[in-house]
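Residue numbers (the numbering used here), protein chains in the order written: chain A, 1 to 218; chain B, 1 to 218.
FYI, nobody ran anything at the bench for these hints, they're computed from the structure.
A couple of the hints might just be wrong.
Calculated pairs, DSBU-like style, for lysine-lysine (alpha carbon to alpha carbon, straight line, at most 30 angstroms) [as the list claims (entries may be wrong)]: (1) A:197 / A:38; (2) A:197 / B:197; (3) A:118 / A:38; (4) A:118 / A:203; (5) B:118 / B:203; (6) B:148 / A:38.
Just so we're clear, the structure is a prediction, and the values are computed from it rather than from any experiment.
Protein chains: 2
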Amino acid sequence: MTIHIAFLVYDRLTALDLVGPYEVLSGLPDVTLQFVAKQAGPVAVDTGAFSLVAPLGLADVTRADVLVVPGSSSGTLDAANDAALIDWIRAIDRTTRFTTSVCSGAILLGAAGLLAAKPATTHWAAMPFLPHFGAEARPDERIVHSGKIITAAGVSAGIDMGLYLAGQLAGAEAAQAAQLLIEYDPMPPFQAGHMSKASSLVKELATRAMARAASGSR
Amino acid sequence: MTIHIAFLVYDRLTALDLVGPYEVLSGLPDVTLQFVAKQAGPVAVDTGAFSLVAPLGLADVTRADVLVVPGSSSGTLDAANDAALIDWIRAIDRTTRFTTSVCSGAILLGAAGLLAAKPATTHWAAMPFLPHFGAEARPDERIVHSGKIITAAGVSAGIDMGLYLAGQLAGAEAAQAAQLLIEYDPMPPFQAGHMSKASSLVKELATRAMARAASGSR
């Protein structure tokens, strides 16, 4: 039985938030991968370097087994205030087996009321927003699974989340085959990928860059 | 001084091969990220789930500090036989500080004559092709740097390569800030990301899936 996976595309999304889990899940047998934007067509990513063309609009997709909601360095709050987008997330969630977010995509799940009284994670820069939605922030967890909601930490955490989700959907061996297909045997040459591991200078550099990106001036 | 980074987009590319290093490198200060296709416009990714819109055509880009060439599960050989594409890679390489590939993108560097007598890595499924280009295959290395050529293993290895490249271009601290921006602190829930780590069954599942993808039937 085909698993329908919907990937939400919205203005100024962070490309890797979506492409990470997408590429993992594309390695499973019998999946349909649906890229869905407000209207079908091109949507610019947050750096402005390119656009993603979503073949489907919100009106074209009324159910999904899995929903993946990405974050954005500058567009999350606009998206959270877009009633059509948030209503769609809420409606699709009623049909899913898993509703998931990567990075600041958790803000959109929160805005849809899906994180109330739930533990959740997000990008470190978005972490302070989680309590506004009644969520319990888990800054030290890379993937948080609660009921049918799965949230992932910043950007690259979507790959780990995609692999975890692959295991939930198709079992450990199919997930491992998907991992081998994308040769996901990470060997980062530096070890500064979490706030608890980076030096003060690196944290300051990253925090300033984040503020620049959030203001749209890169 | 702005660093110009060109990302080659071609028919049926594997999206994460390009988006991985792109997202890492977008976190560096003073970079210009240029997505370049044969002609400017939309190009479908290998699963057919969406397209990437490249704002620039080959004729628009005559030099780059860094070139990133992605792989494809089904389009690499067509691209390797496209003289305009391969001539462009060869011409841009004459202007770069680093010419890089991810996954089967190494085949395109090979077709451009850039891997002769060089050590290189690629996706496990593409490894047997490297010797045809005079390259010395290094199946156990995730990143191979030789002269100004940097090749990465399959798909997700482009993130590690992007981070390594960030260090080469901008120093360890800027690279670590880019790592923290994308929260790249990998914690894969399975450990089957390399041929030496996967079980026989998982290797067989992945090899069969790869053959299906290569034949274009997903």
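Here is what the structure says about each hint:
1. A:197 / A:38: The hint is violated at about 38 angstroms.
2. A:197 / B:197: holds, 27 angstroms
3. A:118 / A:38: holds, 27 angstroms
4. A:118 / A:203: holds, 28 angstroms
5. B:118 / B:203: holds, 28 angstroms
6. B:148 / A:38: Since the Cα atoms of residue 148 (chain B) and residue 38 (chain A) sit roughly 43 angstroms apart, the hinted pair is violated (cutoff 30 angstroms).
In this structure, the earlier hints numbered 1 and 6 are contradicted, and the remaining ones agree with it.
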